[in-house]
Every structure is written in C-alpha cells, then in structure tokens.
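Peer 1: Chains as they are written, first to last, in this note's numbering: chain A, 25 to 148; chain B, 410 to 905.
Hints are computed from structural coordinates only; laboratory data are not their basis.
By construction, the Cβ of each residue, glycine as well, lies at the ideal position given by its N, Cα and C atoms.
The reader is advised that the hints may include incorrect statements.
[Claimed, not checked] Negatives, chain A to chain B, calculated, CB over 10 Å: (1) 29; (2) 83; (3) 91; (4) 120.
[Claimed, not checked] Now the stretches of chain A that chain B is said to cover, found in silico as 3 or more residues with beta-carbon under 8 Å: (5) 58 to 69; (6) 122 to 131.
[As the list claims (entries may be wrong)] One-sided excerpt, in silico: chain B residues whose CB lies under 8 Å from chain A: (7) 419; (8) 568; (9) 569; (10) 575; (11) 583; (12) 901; (13) 903.
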Amino acid sequence: MLENLLGTPYETAAIILFGIGFTSLMLQKNMVKKIIGFNMMDSAIYLFLAAKGYIEGRKAPIVVNGVTSVEAYINPIPSGLVLTGIVVSVSVTSLMLALTVRLYRRYHTLDIDEITALSRKEEY
Amino acid sequence: MEFFWQNLPFFCILLCIASASFTLIMSRRAAQATCLTVISAVIAMSVLLIARVSAFGGSYTFSMGHFPAPWGNEIRVGLLEAVMALGLSLIMLFSLLGGLDRIGEHVFADKHNLYFITFELLLAALLAQVYTNDLFTAYVFVEIMTLTACVLIVARSKGRTLVAATRYMIMNLMGSGLFLLGLCFLYDLTGHLLMGNIHEKVAQVASDAAYGRVLTVTVALMSLGLAIKSALFPFHTWLPDAYGYSTPTSSAALSSLVSKGYIFLLIKLFYRVIGMDVINQIRINDVLFVFGLVGTIMGSLSAIREKDIRRMVSFSSVAQIGYIYMGIGMGSEAGMVAAVFHIFVHGAAKSMLFLSTSGLVQVSGESKHFRDLRGSGFRNPLAGVAFTVGSFSMVGIPFLGGFISKVYFAKAAMMLNPTRTVIVLLVLAASTLLNTVYFLKTVITLYRNDSADAPKHRAAPVFALSMLCMVAANLALGVFSQPIIEAIRAGLRMFA
Chain A
25 MLENLLGTPY ETAAIILFGI GFTSLMLQKN MVKKIIGFNM MDSAIYLFLA AKGYIEGRKA
85 PIVVNGVTSV EAYINPIPSG LVLTGIVVSV SVTSLMLALT VRLYRRYHTL DIDEITALSR
145 KEEY
Chain B
410 MEFFWQNLPF FCILLCIASA SFTLIMSRRA AQATCLTVIS AVIAMSVLLI ARVSAFGGSY
470 TFSMGHFPAP WGNEIRVGLL EAVMALGLSL IMLFSLLGGL DRIGEHVFAD KHNLYFITFE
530 LLLAALLAQV YTNDLFTAYV FVEIMTLTAC VLIVARSKGR TLVAATRYMI MNLMGSGLFL
590 LGLCFLYDLT GHLLMGNIHE KVAQVASDAA YGRVLTVTVA LMSLGLAIKS ALFPFHTWLP
650 DAYGYSTPTS SAALSSLVSK GYIFLLIKLF YRVIGMDVIN QIRINDVLFV FGLVGTIMGS
710 LSAIREKDIR RMVSFSSVAQ IGYIYMGIGM GSEAGMVAAV FHIFVHGAAK SMLFLSTSGL
770 VQVSGESKHF RDLRGSGFRN PLAGVAFTVG SFSMVGIPFL GGFISKVYFA KAAMMLNPTR
830 TVIVLLVLAA STLLNTVYFL KTVITLYRND SADAPKHRAA PVFALSMLCM VAANLALGVF
890 SQPIIEAIRA GLRMFA
C-alpha cells in the first residue's frame, strides 16, 4: 500500500490537494477562500492527468526534426484534456468572482453564512 | 440527402450554439423570435430524427471530423436519445412561452437578449449531453449547463436570487469536481474516452480482482457528482432557494430540464459506459435506491411544512427526483423504464406548476404566502386549472401522467425480491398520501370561496397557449402512455 503511494508521488499529491480544495470549497465561510479551494481542486485534477500522461524520458508531442515515431513522445490526450479543463475552470472562476463582487456590493461582507442571514431578513 | 440525415443531431447542437452567438447583437424582440424559432426548429428536427430512427430500427454513431474511433469525437443517436431531445425541447418551448410576460418584469430591459442566449446555450448543452458518445465532451457540457443554470437563477436581480445562485454554484462545483475526478480515474483505468470503448475495457477490468475496488470508487465518485448536481435528497439544500425566487421560466427550466439532463447522463453512464451488470455487481444502484426512497418521503415532509407556494412546489421536486432515483436504483429494466417515463411526467407537470403558480401569485398582490392565495383560482381561472391538473398528476390521479408512472414503479417493484417489493410499495403509498396532503390542501386554498365574484384576470395569450399545451401534454402522457413507454423500452434496449 505504502509502496504504491510512494511510487506515484504526483498522483498521491494530486489526491491530497483535491481533498484540501474540496473541503475548503465546502467548509470555508469566506467566498474568496471558497473560490481558491475550487481552483485548488481543479488544479489537482490537472496535476493528476498530466502525471498520468507523462512517460519517463519522452518529449512533448510536437513534431521537430521530422521524428514521427510514437515512441518519441508522451501521451498527448491528457494534455488536451487539461487544456480544455483549464478553459472550463477559468470561466467558472470568473462567474464565481462576479457573483462575489455583487454579493459584496450588496451586503458588504464575504461571509456566506452572514450573507444568507442578511438576505433572509431582507425579504421577510 | 444522406449527409443531412446523418448530421441531424449535430445540426441541432450547432444551430443552438451559432444562434446564441448571433443573438448577442440583436434587439429584445429579435432575440425572443430567434430563440423561439431555434427551439421550434430543434423540435421539428427531433421529430424527423424519431421517424428516421424508428424506420431504421436501430441506433447509429458517427465520428465528428472523420477521425476514426479511439481518437475522434462521436455522436450517437438511438430512439431514447431522440425521444428525450423532443421531450426536453417541447418542455423548454412551453416554459419560455408561459413566462414571457414575467421575464419582461423580472429581467432588466437591457439584458433581455442575454436571457434568451442563456436558453439557447442551455438547449445546446442539453442536446450535447443527450447525444454525445464521449465522456469528456459530456463533462464540458455539464459545466456549460451549470453556468447557464446559474445565470438563469440570477437573471432576476435581487438579494435572494444572488445568494441562491452562489449556493447553487458551490454545490454544483463540488459535484462537477467529483465527476471530473471519477472521469480521470476511468480514463486512467481504461485508456479511452469514448463510451463504447470504455464499456469493452470495463467488462475486462471488472473481472479482475485488483481493479475491482478502483472501479467501485470511480463509479461512486461519478454517481455522487451527478447526484449532487441533480439534487438527490441529502444534497438538495440549494434547491428550494434556487427554484423558489428566480423568474418562473427559470424555475421551470431548472427543475424540468437541468436536473433531468444530469439524470439522463447518469443513466447513460450506467448503461453505455459501465454496463448494468457491473453496476449491479458493485451495488452502486443499491445506494441510489436507498437515497431515492428516503428522498421521496423527506421531500414531501418538507413540502408540507412550507408556507410559501413556490418553495412548496420546489420541495415536491426533491420527492419526485427521489422517485426517479428509486427507479434507477432498482437495477432492472422495468425500473429504468419507469424512471425515464417519470422524467417526462415530472418535467411536464413541474414546469406547468411553476408557471401557473406565477399566474396565481400575480393576482394575489405578488404574495406567495398561502393565506394571500385564497380564492386566486377564481381570479385567474386558467392558472388555477393548470395548477390543479399539475397537482393531480403529481398525486397520481388516473388519466394523468403521474398515475401511469406510479403504476409502472409498482409493477417494477413486483419483480424485485420480496423485502424490497414491500418497501417500495409502502414508500409509494406513503408518499402518495403525503403528496395528496400538500397538493390538495393547496388546491382547496386556491378555491376557497371568499372571492368568487372577484374581477377575473385576463391571462396573456402566450401564457394561455402555453398552459393549454401543457395541460394537453399531461393528459397525453396519461392517456397515450403506451407508445411512449414502448419507445423508451426499445430505446433502452438499443442503449446496452
């Protein structure tokens, strides 16, 4: 068990980071910290994918000097997935930040529990 | 001509995305017309597709950009996908029509065309999730759907919707994170992203003891992610606020389109990616079964306690989603057929309930409280009738969709082992009773006779049209259920 964990340090680190990000997204009260948690969680997944796609001793899959042999390059698909994933998480982050700005302008706090309580009072 | 037929589902998706980018520079009226035209075009194309697929009698896949199977991106069409696309786009059209006048009130005037863009993108995301044969594409469109849903909530700009949208995003991001992690594990295990290829590999991996646990964790992560996103019982905390305060069209779209898209993806995951025999072997469906049962009861109990009609209707969604997960969790074909049929029934009834509620609230001084809604069924007769029909369908009165889906759930339960049969039947009975309590209580409140001679509100023509169509849809689901059930069954067989 331990050998497996130590043998794959990047994957292990990625899962630990995912856990940290996930719990901050869930448990932090401060909106900005939540967003940081979300980014940490997504980056952890990208680390996991990049680690899985890397093959020791090979190069990035860009053809130079006419070398087209498959053996020369790493697996390009996980890198492609990471790129797509980054686009998704950037757009989600921007939307979350926009929401946070609007919440702060309205309630002058970043604490989600406080904001919820204030919004309930406002309506009833 | 063959080119046109093969690319039909792709054209549906492309049309939505392309029109969304053009709608940006349009005026409000043009944007509205474009949006309605696009949805109608998708409906027409889905009908053609159903005709084509049933004449052909099978499903087909085609590769995008002519890249061969393990590398390219694929779209797959079978009977179930086509029926699902038709149902969802019909519900979307009626919800949009029914809420048009309220969109004018609730959304800032200079942002109307943006609201219609959101709908076009939502339809694109739904169709892509229904048709795609590639898991990562499905993930990307899951995220697009999350973003559009958030915009739909926050389109009505006030404090409660802002907070609701934020809470919605937080829960949904957790769900997508888990789904993405599960997806990466699955890619790592099988080395493929196309559903068919993963399915072949999973069949090999599942028989290998060393990978059994990893596979269980993977499937659990992905199912949990989608369960959070579709508001299965313990993860429903974001739901009542998100559905309860946004503009009625948004609530209708969120409850009957967005959550259904995720559930359909989960069904695809179970059937097309992992395979039902493996799912039954690692017993993920038992977990969903239990949560579904508990959700059915708890959702109804919360609905009974509500004093706010919109929030009551929202909590009833939790109970209905519990039914759908109960059907999926049975792990049998009969259970799945009942669950898919209930997706349509709940979609048709819940969108109608949200829209008619808005009509009732409109004639009660914009108050959603039961005490102010007394007699509102007389003041806005059409909305009153629509609400009554929707309630009756959810309770399960014969000749309406809800009755048929309850019958099929009960039939599916009969084929399970005796303990489960008893549990399902008891839960069905209890939840029907609870549904009756809160829905009939509301209907009686609407027709409390203290303002029978009050001035009658004249409903807007589009609202009237949408309500009539929705009542007809609910009746059709109840009376002509047989062909729909047959289509779902045939579609599920093509799935495996």
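Peer 1: The structure should be examined with respect to each hint, and the outcome stated for every one.
Peer 2: Hint check results:
no.	hint	verdict
1	29	14 Å, holds
2	83	20 Å, holds
3	91	20 Å, holds
4	120	6 Å, violated
5	58 to 69	holds (count 5)
6	122 to 131	holds (count 6)
7	419	19 Å, violated
8	568	4 Å, holds
9	569	5 Å, holds
10	575	5 Å, holds
11	583	6 Å, holds
12	901	30 Å, violated
13	903	28 Å, violated
The structure fails to meet hints 4, 7, 12 and 13 from the earlier list, while all remaining hints are met.
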